[in-house]
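Student: Listed here are the chains, written in short residue letters.
There are 2 protein chains.
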Amino acid sequence: MDKLKQMILSKGETREGNILKVDSFLNHQLDSEFLYEIGKEFYNYFKNENITKIVTIEVSGVAIAAMAALFFKVPVVFAKKSESLNLDKNIYKGKVYSYTKRKEYNVMVSKRYLNKEDNLLVIDDFLAQGNAMKGLIDIIDQSGATIKGIGIVIEKGFQSGGTYLRENGYNLKSLAIVEQITKKGITFG
Amino acid sequence: MDKLKQMILSKGETREGNILKVDSFLNHQLDSEFLYEIGKEFYNYFKNENITKIVTIEVSGVAIAAMAALFFKVPVVFAKKSESLNLDKNIYKGKVYSYTKRKEYNVMVSKRYLNKEDNLLVIDDFLAQGNAMKGLIDIIDQSGATIKGIGIVIEKGFQSGGTYLRENGYNLKSLAIVEQITKKGITFG
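As they're listed, the protein sequences go chains H and L.
The C-terminal residue of the first sequence carries number 194 in the numbering used here, and the numbering is unbroken.
The C-terminal residue of the second sequence carries number 194 in the numbering used here, and the numbering is unbroken.
Quick caveat, the hints were computed from the structure, so don't treat them as lab data.
Don't take each hint at face value.
Pairs involving identical chains hold if they fit within one copy or between any two copies, as the list cannot separate such chains.
[As the list claims (entries may be wrong)] Straight-line distance between alpha carbons at most 16 Å, and here's what the computed EDC-like set of lysine to aspartate or glutamate pairs gives:
#, residue 1, residue 2
1, 121, 46
2, 26, 46
3, 94, 38
4, 78, 7
5, 85, 28
6, 116, 28
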């Protein structure tokens with residue numbers, strides 16, 4: 006998606022340690038009209054997959070998933086993060102290790118909102134090592150639902166998440182794959 | 006907004022302690038097409054206020070604000086919650102006491118995304134005692150921006166937040182005001 010690459014180049018900020026910040030349109034300030042276009046792009050890619058629900062993780066995935074849902078005309082379910090152990094038995098629960106925050110947290114989805122008849126599109130803003138995605142897949146597997154596609158806005162191609170998902174047979178579409186982040190700039194795959 | 010009241014009556018769940026859960030369309034599962042209508046309703050109400058940005062707090066406000074932003078054609082800025090003290094000096098910071106979680110947390114917005122020229126519409130899903138809103142207003146006041154309106158999806162009319170905001174001169178529009186939550190059901194103001 007050319008416009009996304011242009012946005013990353015013009016508005017993204019790089020930090021040491023392969024960090025790419027896109028706070029001005031995706032992670033703190035949101036460019037809703039652009040997220041609407043991103044949602045449409047995911048729809049064009051996955052529209053024949055008979056999607057019944059879109060699943061994401063709070064926070065940054067929510068607006069993107071909500072926009073995509075306008076095209077698919079299906080509900081969004083967002084997994085909630087929690088550091089505490091929720092004893093409610095009516096939830097599916099997964100664990101995620103966050104490298105940026107250096108701690109493990111739980112993600113959870115109420116059993117009401119996922120079931121084995123669902124065909125899911127999983128959407129998230131970033132894919133790096135894929136830890137959040139693995140936690141979410143764990144939750145979805147517990148529900149018996151089928152993952153028909155995974156839509157990512159920005160994949161860090163030099164980290165292992167994308168390779169893991171493709172090798173495990175997931176239909177992964179990343180709208181931009183960043184291959185290198187150096188002092189000179191960003192290159193795409 | 007009649008459709009919202011119908012959704013609350015048909016899909017809302019009440020719990021002891023005046024708790025109203027609308028997880029099936031607003032707080033865990035999202036009905037995007039309905040949120041789009043809610044965004045349009047806020048636009049119809051505040052469209053002459055020369056809004057330059059929409060501000061909300063993660064998580065549940067984000068999708069609603071993003072939908073409203075499609076009509077206003079302005080960016081959304083969402084305040085981030087954090088329990089830790091972020092030492093970055095480039096943020097505005099406020100404190101919120103959460104009664105449901107029984108703890109205080111910080112909310113923060115980068116100084117980049119709010120400034121004194123901004124005319125803001127503040128959007129959130131619920132207004133009860135108004136603690137989150139007061140934290141957000143504190144942040145906005147630090148930036149020098151003007152609050153032109155506050156749009157709330159569900160106000161608990163029997164709690165003090167709405168009264169506080171109206172008495173302090175804010176242009177508050179709550180799409181549904183719940184006056185009573187009893188075993189027999191919900192009544193609106």
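Student: Each hint should be assessed against the structure and marked as holding or not.
Tutor: Consistency of the hints with the structure:
1. For a Cα distance limit of 16 Å, the shortest separation of residue 121 from residue 46 qualifies neither inside one copy, at 27 Å, nor across copies, at 36 Å.
2. In this assembly of identical chains, the alpha carbons of residue 26 and residue 46 never lie at most 16 Å apart, being 22 Å within a copy and 33 Å across copies at closest.
3. For a Cα distance limit of 16 Å, the shortest separation of residue 94 from residue 38 qualifies neither inside one copy, at 39 Å, nor across copies, at 30 Å.
4. In this assembly of identical chains, the alpha carbons of residue 78 and residue 7 never lie at most 16 Å apart, being 26 Å within a copy and 22 Å across copies at closest.
5. With identical chains, the CA atoms of residue 85 and residue 28 are at most 16 Å apart between copies only, with a shortest distance of 12 Å across copies and 21 Å within one.
6. In this assembly of identical chains, residue 116 and residue 28 lie within 16 Å of each other by CA distance solely across copies; the values are 12 Å between and 32 Å within a copy.
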